[in-house]
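One letter stands for each residue in the lines below.
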Amino acid sequence: MNPVINASEPIWAVGSAFLTALLIALTGRWQNLRDLWSPLGALAQFGIVASLVPAVLSGETRTFTLTTPMPGVALYFKVDELGLFFALMASFLWFIASLYSVGYMRALKEHAQTRFFAFYAISLGSAVGIAFAGNLFTLFVFYEMLTLATYPLVVHKQDAEARAKARVYMTYLLGTSIGFQFTAILVIYGISGELNFTKGGFLQGQAPDWLLLSAFLLYIAGIGKSAIMPFHKWLPSAMVAPAPVSALLHAVAVVKAGVFTVLRVVVYVFGVDCLVSLQVAQILPYVAGTTIVVASLIALFQDDLKLRLAYSTISQLSYVVLGAGLLSPLGAMGATLHMVFHGFAKITLFFTAGHIYCATKKTKISQMRGIGKQMPFTMIGFTIGALGMIGLPPASSLWSKWYIGLGALETQHYFALGVLVVSTILNALYFLPIVYSAFFEGGGGVEALTLPSPPSPNTVGEGESQLLPSPDAAGEGSVNLTPPAPLSASREGGEALYSPSPFTERGQGGEVNPETPSPTLPLSAGGESQLLPSSEASGEGQGVRATEKPPTSEVIEFSTPYLTLMTLAICATALGVLVLFVYPHPFLELARRVAGL
Amino acid sequence: MLVFILGLYMTIVKGNLIKKVIGLNLAQTGVYTFFILTAKVNESTAPVYIGDEVRYANPLPQVLILTAIVVGISLTAFALGLVIRIYQAYGTIEESELSRLVQANREAQPSTLTPSSSGGEG
Amino acid sequence: MWIDLTLLGLLLALALGITFSRDTLTGSLLLGAYSLILAMLWVDLNAADVALTEAAIGAGVATPLMLLAISRSTRAELGEVLMTVQRYRRFPPFLVLGLVAGALVYASLDMPPLGNPNNPANQHVAPYYVQNAYHETGSENIVTAILVCYRGFDTLGEVLVVMTAGVAMMLILRRS
Amino acid sequence: MLAEHLPILHVLIPLVGAIVLLTGGVLRPLREVAWGLTMLVVLASAVSAFQLIPRVLSEGRISYALGNWKPPYGIEYAVDSLSLLLILLITSLTVIITLYTRHSIQRDITPNQQPYFYSAYLLFVGGLLGMVTTADIFNLYVFLEIASLSGYALIAIGRRREALLASYNYLMIGTIASTLFLLGIGYLYMITGTLNMQDLQARLEELYGSRTLLVGMAFITLGLSVKMALFPLHTWLPNAYTYAPDAITALMASLTTKVGVYTAFRVFFGVLKPSFLSQVVPLEEIFMLLGALAILGGSLMAIFQNNLKRMLAYSSVAQIGYIVLGLAMLNVSGMMGGLIHIVNHAVVKAGLFLAVGNIIYRTGLEEVDDLNQIAQQMPKTMLAFTVCALALIGVPLTAGFVTKWYLVLGSIEAGRWFLVPVIVVGALLAAVYLWRIIERAYFWSRKGGALTPPAPLSASREGGELGSPSPFTERGQGGEVNPDPPSPTLLPNSEQESQSPPAPKTSEVPLSMLIPTLVMAVLSLALGIFAVLPLNLAERIAKSLLGAE
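Protein chains in written order, with our numbering: chain A, 1 to 597; chain B, 1 to 122; chain C, 1 to 176; chain D, 1 to 549.
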């Protein structure tokens, strides 16, 4: 069998992040010194994790028991393929994200930066902790730690809205994890007296089917972080956070931790065989598939870029659950791959969104016409990220989708296959127009219609707020449930009258732009997001009467050192997406091992 | 036993704080009597040693009650002390009045320290 | 026997009087009288030491304390408060009392018979005291022997309770 | 020579200390050193208690016959693993809290009252220790009264005049309870003729059908349920905890009710045998139900409180529910959960009350609504508060998690599935009522100028739609409207401001208050991370309690 080696690397990988947080907190007074720690810590972490790759590839398993809080229940770490996979991605992306967030935070002169970076580091420590957790207890510990550590990041704005949203965030994550996951862990422990992950699972035949099945469903419901509907609300809520945090939530740590946990549970706790006998394949893919399609549909209607990305995440992450739920090795392989590949693509997209906001204070898709001329590198990065979402070459997610598709074929799960096709189309529908309008529109005619100014006395000049109270509420409240209503409403809006639909509020959001005092935006905001679903072509048509008047078409993404830093970060991750497309072999190999092929 | 019930009744039902103390006393005496009764031995004498052949009443419960009486009086004394303090602070020892006062106080100023009872210079 | 009954009758009457007396002064005076009668009853039950204590403390200490408290606060009572409040508030206390009374009666049904020397209470530990107290402690009064020797720690506790009460009074009364 | 008296020493030391303090109360020099003396006394008591550990672990139950009178005739003191747990808890917490009293109590009493205060304080501690150490049920009653009476007094000296009423009500309810307890003892004595618990246990076994026993136990149970503030009988607790001096609240919250629980279960397992529960009355069912009710009811009440101490008091009611629930499960895991929660909750709740005491000491703020940005003013205190709060919620690697782990495991083992959601929901409710404080303390911005967002206007419109989980959204927005609160103490209630001095940037409490608070926080983490030691003890206890079966 594979040699099991007791080694302390996993604990150092986790500890390096916590140490970084400590250093950040201690040196908070000296800004430059403080901001040095994050990249350094990330590098150290990545170095440690990467040093484990050869060992794992050669079949070793490294374990470490830190302490035993309760008899029989240890803080136990174990490095295996799946964990390494996640840890590699997280620590690498942390490095880039730390550079990016230094740029972001400084460019916006954000407050409480020390707290921000410290908790960012803790979050990463927790993420790697989740990756290397060797049993359910350790996993749960870091899972909760991650929730708590991200809370200060989400509530970073500290205004009423951020607090309310952060409360939603906490409620969903803590509620599901304490409510369901904790119980499920104990049920599992009660059944088997065993918590350590074992390849192939350790639960088969330990209890009656109904008990196992309910434990499994409890567990899946308990992983609120994977954002499977109906436990997805926290993700759009968390969009109040600054862009680097969104990147953290979506690409690096939180959601990833959720799907990672799903994979862990499916492969290492219950075991595929066991789940097959429980007929989970009849349940999980349907839930995941529904989530994919519905979230994509919702994403279509979001005008706020980050919200659209958020729903896209919900949909994309369910691919992983879908892949895992197919209970075929190929599906599991695809799921594993998608976890990483989506991470690279999505972090690019979020970096882009944050970068655009930093540089221009724009948050709406409808405001971004022609932005590609101002920020070509950024938007190229965005394009690559978007391709990654859709799963087209030259983006790496082609591979992961490919394997999930193969898995669906293998198990003859035609529903899953259908979902893949439909969602790919939907993805294309909601990303490509952005790309198109960014590069090929804008600078055009001046909008003729002028709308009554929305009654918002907001002092947006400060521009600190990329908090988007209203669109989010709209997205959650009405669009989500009754897509047709806003559809017709804003269509009218597009023609003549502005109707008091949720989009009124969106108008206020549009107001945020300090450079466009004339309130012409709302109309096109409504109109644009409207037409997107119907077809790409008509989106184009709408674009002709684009309102956005780019103040200048000169390239602004290198105008300050901070923006340059951010641009470079985007380029790096975009490059990552491409590299992974061209050279996915180590990951394919690792994923193959995870899936047991 | 009836006394015990009566005492309890007083403690619960009476509105006057002193009356409650009296009730408490009454209830306690009920319990004491119960103990004394368990100590009763027919045709016996008080447990003062006068020789081995005599039948004595059971001394143990009596001892217990001696202790209990003293404990009881301590409680009574302290309760009465409290009553005096309450009267000084509120000007009444009627429960209904007190609850009214407390209510009014709470509504007026949710977290005000009353100067009269704050531990200033004695 | 008739002495017992008379005393019991008196006690009951006094207790009722205390309960339904209209003002605190009457109540506390009656309580003093009640204590005395109770002490007499206990003497009759061969509990001389306890009776002495009760007479001294119940009548001799408690009553003056009550009087002191009344003189330092107020004598007037608003009358039967609960008689004036709504009906529903009167219900729960009676329910509780009824339950307790029921329990007492229920328990008394299979209690060991009163006064029987063969009761477990009189059989297990007590005879040891009776037989050995004098020889082991030298005290003729068995009650004293137990109080001071066998269960001396209880007595220490009892003294401590008194002390606690004293401390407590110092604490609360000496502040203003 | 002292070694053989160990089982009694830790009880006697505080009592003697109290007497010394009292007699010294009249001497002026002693007033100055009252605190120091108390500290010495509790330290000595703790030292003697810790000496017990090896002996109990190696020998099991240590018996000590007071005055050398043989147990059924004289009074027996005994230390077994269960009482050892409580003894260690009481002595060590007392040391920490005594440190805390030094400054915090100065606001509640005058200097010349100090000897009396510390005397009562030591009597209280001694009473509790006596309760957990004695093996004689009447002696238990006596010490119960010592502890109760000094407890009433300690509550009565609270700053506000409501403290007097709270104390009085507690006294009434408590005395009725102890009178019932005494009556119950009378019943037990009547049918057995003994007062020693082991003796009782042996002699009672053949009497399990007896009505007298039944009613006697009912009285005892009722009386003790009041003392431990089990849910429907908890009414004395919130007021008492709210108005007592802060240090006393911490002491009582962590110890009094625990000792009540201890006594109850000492009676159930030391006087009765588990078979009584299974044969005669399914008492464990009742307790389980009450525990569950306590968890839900207490937590819900806590959510609706705005006074910090009152909120924590209701939370205590809920936490007692956990303990009772666990102990009533009658299986090893569940009982371990309950036992370990006795320790965990004592530490955690003491930490919370101490932190709240710090806040009140420094700012005079007692309402949740007033705590905006308190963390900037008192970062260390709030750090401790946060850690303890997380521990109470039961986040992994904290004390509360261990408890919940074993409780859920126990209820699964017992096949009582309905308890699982109760425990879990209790944790979530705890998160709700504690998190709003953390949120306020850290994230309720009082930032002026550039960062005050325009959001409130639009956000408040949406607050309703969002259906946010806590009832405080609206109030929150009210607070937010403050244009630029310059100091954290800016409140609707302006009188507060005049009382507390204008707050400097950070103003922590004196070290003598800060250190205990931080120690509690560290302990509540340590009890989560290194729970093996206490758990081993708990397992031992649980097995020995159940092993009698």
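Keep in mind that a hint or two might mislead.
Distance ranges between label pairs, derived from CB positions [unchecked claim]:
| no. | chain 1 | residue 1 | chain 2 | residue 2 | range |
| --- | --- | --- | --- | --- | --- |
| 1 | D | Ile286 | B | Gly91 | 41 to 47 Å |
| 2 | D | Gln51 | A | Asn6 | 37 to 43 Å |
| 3 | D | Asn306 | A | Gln31 | 47 to 53 Å |
| 4 | C | Val162 | D | Leu546 | 49 to 55 Å |
No lab work stands behind these hints, which were simulated from the structure alone.
Every residue gets a Cβ at the ideal spot worked out from N, C-alpha and C, and that includes glycine.
Evaluation of the provided hints:
Between Ile286 of chain D and Gly91 of chain B the CB atoms are about 43 Å apart, so this pair conforms to the stated range of 41 to 47 Å. For Gln51 of chain D and Asn6 of chain A, the Cβ-Cβ distance of about 39 Å falls inside the hinted range of 37 to 43 Å, so the restraint holds. Between Asn306 of chain D and Gln31 of chain A the C-beta distance comes to about 39 Å, which lies outside the given range of 47 to 53 Å. With their beta carbons about 40 Å apart, Val162 of chain C and Leu546 of chain D fall outside the hinted range of 49 to 55 Å.
In this structure, the hints that do not hold are numbers 3, 4, in rising order.
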